[in-house]
Amino acid sequence: MRAIKSGDLQAFRDNKNQWRIKDDDLNAWLSAHPAQCAHTVQEDGDAHPVHTPAHPTPIAKETLELVRVKAELEAEKTLRATIEADRDHWRDLAQKLAEPRPRKWWFW
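Note that the sequence shown covers residues 6 to 113 in this note's numbering.
Hints listed in this document are in silico derivations from the structure and should not be mistaken for laboratory results.
Treat each hint with caution, since some may be false.
[To be verified] Keeping only pairs whose Cα atoms sit at most 20 Å apart, straight-line, the calculated SDA-like set for lysine to any residue is:
| hint | residue 1 | residue 2 |
| --- | --- | --- |
| 1 | K27 | M6 |
| 2 | K10 | N22 |
| 3 | K10 | W34 |
| 4 | K21 | A33 |
| 5 | K66 | T83 |
| 6 | K101 | E89 |
| 7 | K82 | K66 |
| 8 | K21 | N32 |
| 9 | K10 | D30 |
| 10 | K82 | K101 |
| 11 | K82 | I64 |
| 12 | K109 | R92 |
| 13 | K10 | H38 |
| 14 | K27 | D13 |
| 15 | K10 | A37 |
| 16 | K66 | A76 |
| 17 | K10 | N32 |
| 18 | K27 | S11 |
| 19 | K21 | M6 |
| 20 | K75 | T87 |
| 21 | K27 | I64 |
| 22 | K82 | H94 |
| 23 | K75 | D93 |
| 24 | K27 | I9 |
| 25 | K109 | A90 |
| 26 | K82 | L71 |
| 27 | K10 | D29 |
| 28 | K75 | D91 |
| 29 | K10 | D28 |
| 30 | K10 | K27 |
| 31 | K21 | A37 |
| 32 | K27 | V55 |
| 33 | K27 | H38 |
| 34 | K27 | A16 |
| 35 | K101 | A90 |
| 36 | K10 | P39 |
Because the structure is a prediction, the values reported are computed rather than measured.
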């Protein structure tokens, strides 16, 4: 802020009342004032590079295949439950037809 007020660093305020500094002006000021730079600025050599997977597409394909197989399995389970319910219904009907009828009291 002191550099802006003294005129060493060119800056302007935007519509949100925040200071904006052009990259060229900032780089020129930083090269002229090396002692003013913070020592916590990270260098280009990153100690922990971002891990990128070696084979991103096979994993995506395998995940897609897994989702597809799970959906097919769920459909087969639903179909099996429907078929078993239908089988049980027909079995009950067949057993009712196989039962002997009670004899009537009157013969006419």
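Evaluation of the provided hints:
1. K27 - M6: OK: K27 and M6 at ~15 Å, within 20 Å.
2. K10 - N22: With Cα atoms ~15 Å apart, K10 and N22 stay inside 20 Å; holds.
3. K10 - W34: Holds. K10 to W34 sits at ~14 Å (cutoff 20 Å).
4. K21 - A33: Measuring from Cα to Cα gives roughly 25 Å; hence the hint is violated.
5. K66 - T83: violated, 26 Å
6. K101 - E89: holds, 18 Å
7. K82 - K66: violated, 24 Å
8. K21 - N32: violated, 24 Å
9. K10 - D30: holds, 15 Å
10. K82 - K101: violated, 29 Å
11. K82 - I64: violated, 27 Å
12. K109 - R92: violated, 32 Å
13. K10 - H38: holds, 16 Å
14. K27 - D13: Since the Cα atoms of K27 and D13 sit roughly 13 Å apart, the hinted pair holds (cutoff 20 Å).
15. K10 - A37: holds, 17 Å
16. K66 - A76: holds, 15 Å
17. K10 - N32: holds, 18 Å
18. K27 - S11: OK: K27 and S11 at ~17 Å, within 20 Å.
19. K21 - M6: holds, 17 Å
20. K75 - T87: holds, 19 Å
21. K27 - I64: Given pair K27, I64 is violated - Cα atoms ~43 Å apart, limit 20 Å.
22. K82 - H94: holds, 18 Å
23. K75 - D93: violated, 27 Å
24. K27 - I9: Holds, at roughly 12 Å.
25. K109 - A90: violated, 35 Å
26. K82 - L71: Given that 20 Å is the threshold and the Cα spacing comes to 16 Å, the pair holds.
27. K10 - D29: holds, 18 Å
28. K75 - D91: Violated: K75 and D91 sit about 24 Å apart, past 20 Å.
29. K10 - D28: holds, 18 Å
30. K10 - K27: holds, 16 Å
31. K21 - A37: Given pair K21, A37 is violated - Cα atoms ~29 Å apart, limit 20 Å.
32. K27 - V55: violated, 29 Å
33. K27 - H38: holds, 17 Å
34. K27 - A16: holds, 7 Å
35. K101 - A90: holds, 17 Å
36. K10 - P39: It holds: about 19 Å lies between the C-alpha atoms, which stays within 20 Å.
Comparing the model with each numbered hint stated earlier shows that hints 4, 5, 7, 8, 10, 11, 12, 21, 23, 25, 28, 31, 32 do not hold.
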